[in-house]
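**Student:** Since the structure of chain A is provided, determine the placement of chains B, C and D with the ligands on it from the hints.
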Amino acid sequence: MSTDKTFGDYGGQYVPESLMPAIEELTDAYERYVLDNEDGFMDEFYRRLADFGGRPLPLQYAESLSERYDTDVYLKREDLLHGGAHKLNNALGQVLLAKYMGKERIIAETGAGQHGTATAMAAAHLDMPCEIYMGETDIRRQRPNVFRMKTNGSEVTPVTTGRGTLKEAISETMRDWATTVEHTHYVIGSVVGPHPFPRMVRDFQAVISEEVREQVQEKAGRLPDAVLACAGGGSNTMGTFHHFVDDEDVGLSAVEAGGSSLAVDEEAGVAPNSASLSTGEEGVLHGARTKLLQDSHGQIMESHSVSAGLDYAGVGPELAHLVDEGRVDAVNVDDDSALEAFHRLSQDEGVIPALETAHAFGYLEQHHDELGDVVVVNVSGRGDKDLETVLEETEKRDLDVAPDMSVLRETGGGGGI
Amino acid sequence: MSTDKTFGDYGGQYVPESLMPAIEELTDAYERYVLDNEDGFMDEFYRRLADFGGRPLPLQYAESLSERYDTDVYLKREDLLHGGAHKLNNALGQVLLAKYMGKERIIAETGAGQHGTATAMAAAHLDMPCEIYMGETDIRRQRPNVFRMKTNGSEVTPVTTGRGTLKEAISETMRDWATTVEHTHYVIGSVVGPHPFPRMVRDFQAVISEEVREQVQEKAGRLPDAVLACAGGGSNTMGTFHHFVDDEDVGLSAVEAGGSSLAVDEEAGVAPNSASLSTGEEGVLHGARTKLLQDSHGQIMESHSVSAGLDYAGVGPELAHLVDEGRVDAVNVDDDSALEAFHRLSQDEGVIPALETAHAFGYLEQHHDELGDVVVVNVSGRGDKDLETVLEETEKRDLDVAPDMSVLRETGGGGGI
Amino acid sequence: MGLERVFADEPAFVPYVAAGDPSYEESLEYVEALERGGADVIELGLPFSEPIAEGSTIQGAVVRSLEAGMTPERYFAFVEDLDVGVPLVCMTYYNLVYQYTHPETGETGPRAFARRAAEAGIEGFVVVDLPAEEAGPLREACDEFGQDLVFIIAPTTRGDRLDRMREHVSGYVYVQARLGVTGARDDVSGQTEASLARVADWDVPKAVGFGIKTGDHAERIVAAGADGVIVGSALVDIVAEGHEEGQPTAEVVQRLESKARELKQGALAGARARAGVDGS
Amino acid sequence: MGLERVFADEPAFVPYVAAGDPSYEESLEYVEALERGGADVIELGLPFSEPIAEGSTIQGAVVRSLEAGMTPERYFAFVEDLDVGVPLVCMTYYNLVYQYTHPETGETGPRAFARRAAEAGIEGFVVVDLPAEEAGPLREACDEFGQDLVFIIAPTTRGDRLDRMREHVSGYVYVQARLGVTGARDDVSGQTEASLARVADWDVPKAVGFGIKTGDHAERIVAAGADGVIVGSALVDIVAEGHEEGQPTAEVVQRLESKARELKQGALAGARARAGVDGS
Ligand SMILES: Cc1ncc(COP(=O)(O)O)c(C=O)c1O
Ligand SMILES: Cc1ncc(COP(=O)(O)O)c(C=O)c1O
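These protein sequence lines are chains A, B, C and D, in that order.
1 is the number of the first residue of the first sequence in this note's numbering; add one for each residue after it.
1 is the number of the first residue of the second sequence in this note's numbering; add one for each residue after it.
1 is the number of the first residue of the third sequence in this note's numbering; add one for each residue after it.
1 is the number of the first residue of the fourth sequence in this note's numbering; add one for each residue after it.
Read the hints as simulated data drawn from the structure, not as lab findings.
Take these hints with a grain of salt, some might be off.
Reference listing, derived: stretches of chain B covered by chain A, where coverage requires no fewer than 3 residues with Cβ under 8 Å from a Cβ of chain A [stated by the list, open to error]: (1) 54–60; (2) 112–123; (3) 133–141; (4) 144–158; (5) 346–354.
Just so you know, these numbers come straight off a predicted model, no measurement behind them.
Yeah, the Cβ is synthetic: ideal placement off N, Cα and C, and Gly gets one too.
The shape of chain A in the complex, shown without the other chains (with noise of 0.2 Å):
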């Protein structure tokens, strides 16, 4: 068998030389043992997934929201999974397929941290050496994701180059990659990066979809009119997507962050947002062709959002390609709009989401009208790692839902966490 390596003019393999191989090496092993299930090892991921991670996650009517929005509302809980988002399904896939392959040392990238913590986790299950690369401003924003790396086992190696931040970090990992790639296996965080790393990610993930697609049959008696998502690299948005693509009746919609706005700065080089699928160009970046947050030369501008996992300038190249085709709906929330949805979330549901998965639901909002009958989001993380961020944000906004923190400050240790 042999994978296709794009996704219409998307995709590809744009990578030095030097990890070629390694990319041919990796498709070989994704073809033998993710599509062709040799030596059984969907099924020892299936397996584990269920025994380590907790899977199948529910799928949870939505009592009050359903009722704000006269609408039915799922919700996916993929917080629920072990380390608190999706990003274990994709990093316990790769290690263990690291594993098959042989390989004796697992790196990656992390921006939020959700990534590393999760690529850790796995690498510790599984007794793999993994170091994470994570910018330094990422390292001072998310001190608790670090700790847990770290408690896992995990080196975690701050990147000083640039903002500090994703888009340095997997630069970094890339060359670490380049000097190691023999022994080493790069277990990238998103549905992005050189074929095969944006099917093989999206197969990994594609168990949310698996499941829904179940799951809202047997709750709702048919297909959903709708189903939601954020996107920052788009792994749990193909991940939610991927079994509904066929459906053509059944809307996707990949939440953006809008950020503070849509206008970028070309002479600063930076776009206050991360809408690559909205209002990126297409471009080559990280060994893929996609839509990218970039200047008029192709110059990689900084993103921007409130959340650091959505916080890229790129996007999956399955997903710019959906969206050409029109299949899939790219759209984006702002950040005050994404954490008014957090609050709300919180308090109708009892559901804390990352800032992330809230993008979906500020869409939800914003366009439950339009949305039909039945609607399924993606709640792709659980909001622990942003209560500091959601804080400090909060303080500074005008914000309807957002409840009143003062016992914090009252009783001592200023206004963090």
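**Tutor:** Same frame as chain A, now just chains B, C and D with the ligands:
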């Protein structure tokens, strides 16, 4: 049906008269809804535990530990329950019961904040106003959990009496209840308090052993030789033991916090441990006769443990009874061993346990060769809430298994998280 | 059994303070002041570390007394040292009763506690967290040593519970004027009359407590049918203020005595009002 | 196609610097100094914001150049402003090629880029993240405009891949001396000889790069069979040091020129050694 108020000599209803009518009303509701499944209460409870809570939760074969101890070790993954600990089983059950009883408001105490967050989540989910009492000291130590409760829309009220920890928070919640008892339900956080709480909380938590009993027979082909759970108040403990109590060949060990020492300072009224089952004397606290840490006059001691959730001077009356009967082994593990076990499980299995939970693994480390061939350990919660404490406490000590956290210091922000 | 006797002729004033608050010596003088002010029975608190039924005022008294070294044994010594003629009732929580070891007999538990209390001169008990259902052992000891076991009737106590308590009560019944915890209030609860009505046909005296602060309150409560008023927090507030502001003991004694007088006079006025009403 | 020509007579010295590092004006002088020092071809970097194959030295150059305002258009102006006689190769990443819009024709993409480069005088390209498999469009444009497309052979490139690349390569083959990213090292990699052996029978010149720092390294690599040495980081280090320490441009020019001379002499010495060996 009329349930027994005591377990042997333990239990009972030692509360001010103003609470007695509420306790009788609750007993009646417990018997009708929980025991007799009136109006399908238990069906709804199980359905919500599944859809909202994520049950059933896996029983994971622990590969590294099994190899280390040459014993089949299974982990019951309550850390994967929504909220991050077994606490939701109880909180959801009680908030739902309050709804069936027509109550309009929920109050609860919390120590580490796990029961408070679980209650706040359940209250948000079921649309009940909720107020949580929490010691001022604990608020300072557990800020993320305070934030989570507030985010879920609960009030958090600081308790300033005494040392400002769990014991004082329980007393203060009872005071609120004495005032508001007619329309308010007090969701107590463990198998403590007056009848029917110990029995009812146990019944809600018994879903743990109900699942384990089936899972272990499926995976190991037989009942376990030993079941371990940490014990603070004892709710995860009784939940994990309950369906094994009649299986005489299954050893049951309740692992308490040995703190820094089992000795007590009678003069200062301080026990530097929370080992009430192992070392306590019979007495009456918070509504029940049970084993207590108290001085020779009957004044309650300030207990201590590195894990806030075990830091309580009392324990559930049923556990006290089962220990006296010889059915349950009361054992304990000190702060150092718990910290080492925390790091060991994180590194070897990729599961970061709560510090409470870590005590059970500390006991496994010390006594694995006496426990038989199949051992089940309840992972009562995840350790995310404990990262700050573990960092501080690890730096004070010279532990064999602790990771090097210098990356946190070197990237600024001090040594904290 | 004898506490009924103090309610026989006129409405009783029943003050509460915590023994040993803020110190053993001062507390002795305070209790004696209360008698001079007109106390008919004194509820003397034996402080417990977890006072779940107390508001912040009495919690404060408990903390001060414990920090000054109060123990059950010192409490009984205190009772013996007291120079008062009115009956004393020990108000406490059950764990102290349960844990008690008699210093001479070595016996432990309720009977030992009741014996030692009797030896010291205590005539009755209010055990805040001991409902009638759990009171068997102490009840028996009280019978043996000729003491009264006083129960509290809450505004929520109705029906069967009321009947069961009626069987067990002796000395007087403590009618809790409102839901909640102890603490002085600025009003008289509307629940008081309803509560009194529920025990109207009981043949023990009815003493009303919880929230009574002034002579005026006392008057209204007695006018509403109470045989006595129980006042704690309003007195403890005086002790606390004296302690915090470093007032001379004599001054605090003076203030306690006059507050007691105000409350007793209020109660008497209430009785006159009721007699007027009854006679009209 | 013509880059082969510079390897014909003697081993070539192929320096790399980033255009515009640390400023447009200084950079012009630095490139010219390299020619004076003996460069045979110059690889002139067009900086890309995500230089995934570069070590920290060249990352630094990229940042300095971009901050000083480098763009593709300014790069071509820079090439036109340069006063050098040796051929120039544009070293960059694919996105800049892909995004390029020709200022006159308005055409975009590889062909537009190659055309503009040809107009400016660029004779070849190394596109770091463009493996042979994805190189079709640029390959065609190079053919059209008479330019060479240089590929990198990594130590991991073997078997089929090697054969495929052999088909596509022109000008010279860039033999990567070791795994990893660019950066000067203190030793010569043991992988160099093995890599050279794998392309020994190719009919294009073999230039070895990655980690070469000294004349001695250059000598050993040429002695091992290379037709040229590519040196980047060791030169960029001089530019960086000059910039950070505020050295006069003339001094940096001087140091670059003498470093270039050292490297070129090393390469020549290597050729003599090889000739001696071959001749023995
Ligand atoms: C909870 C959560 N959701 C979504 C994302 C975005 O990633 P992706 O678009 O690949 O799903 C992240 C990334 O960290 C995340 O942590
Ligand atoms: C994770 C966890 N385990 C155990 C406990 C102890 O409570 P219990 O003994 O009632 O299970 C707590 C209490 O907060 C907890 O959070």
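**Student:** Compare the structure with each hint and give your call.
**Tutor:** Going through the hints against the structure:
1. By the rule of at least three residues with a Cβ nearer than 8 Å to a Cβ of chain A, the coverage given for the region 54–60 of chain B holds, with 5 such residues.
2. With 4 residues having a beta carbon nearer than 8 Å to a beta carbon of chain A, the region 112–123 of chain B meets the requirement of three or more and the stated coverage holds.
3. Look at the region 133–141 of chain B against chain A: 3 of its residues bring a Cβ nearer than 8 Å to a Cβ of that chain, three or more, so the hint holds.
4. Proximity of the region 144–158 of chain B to chain A, defined as three or more residues with a beta carbon under 8 Å from a beta carbon of that chain, is established by the 11 residues found.
5. Here's how the region 346–354 of chain B fares: 7 of its residues keep a CB closer than 8 Å to some CB of chain A, so the rule of at least three is met and the hint holds.
Violated hints are absent here; each numbered hint is respected by the structure.
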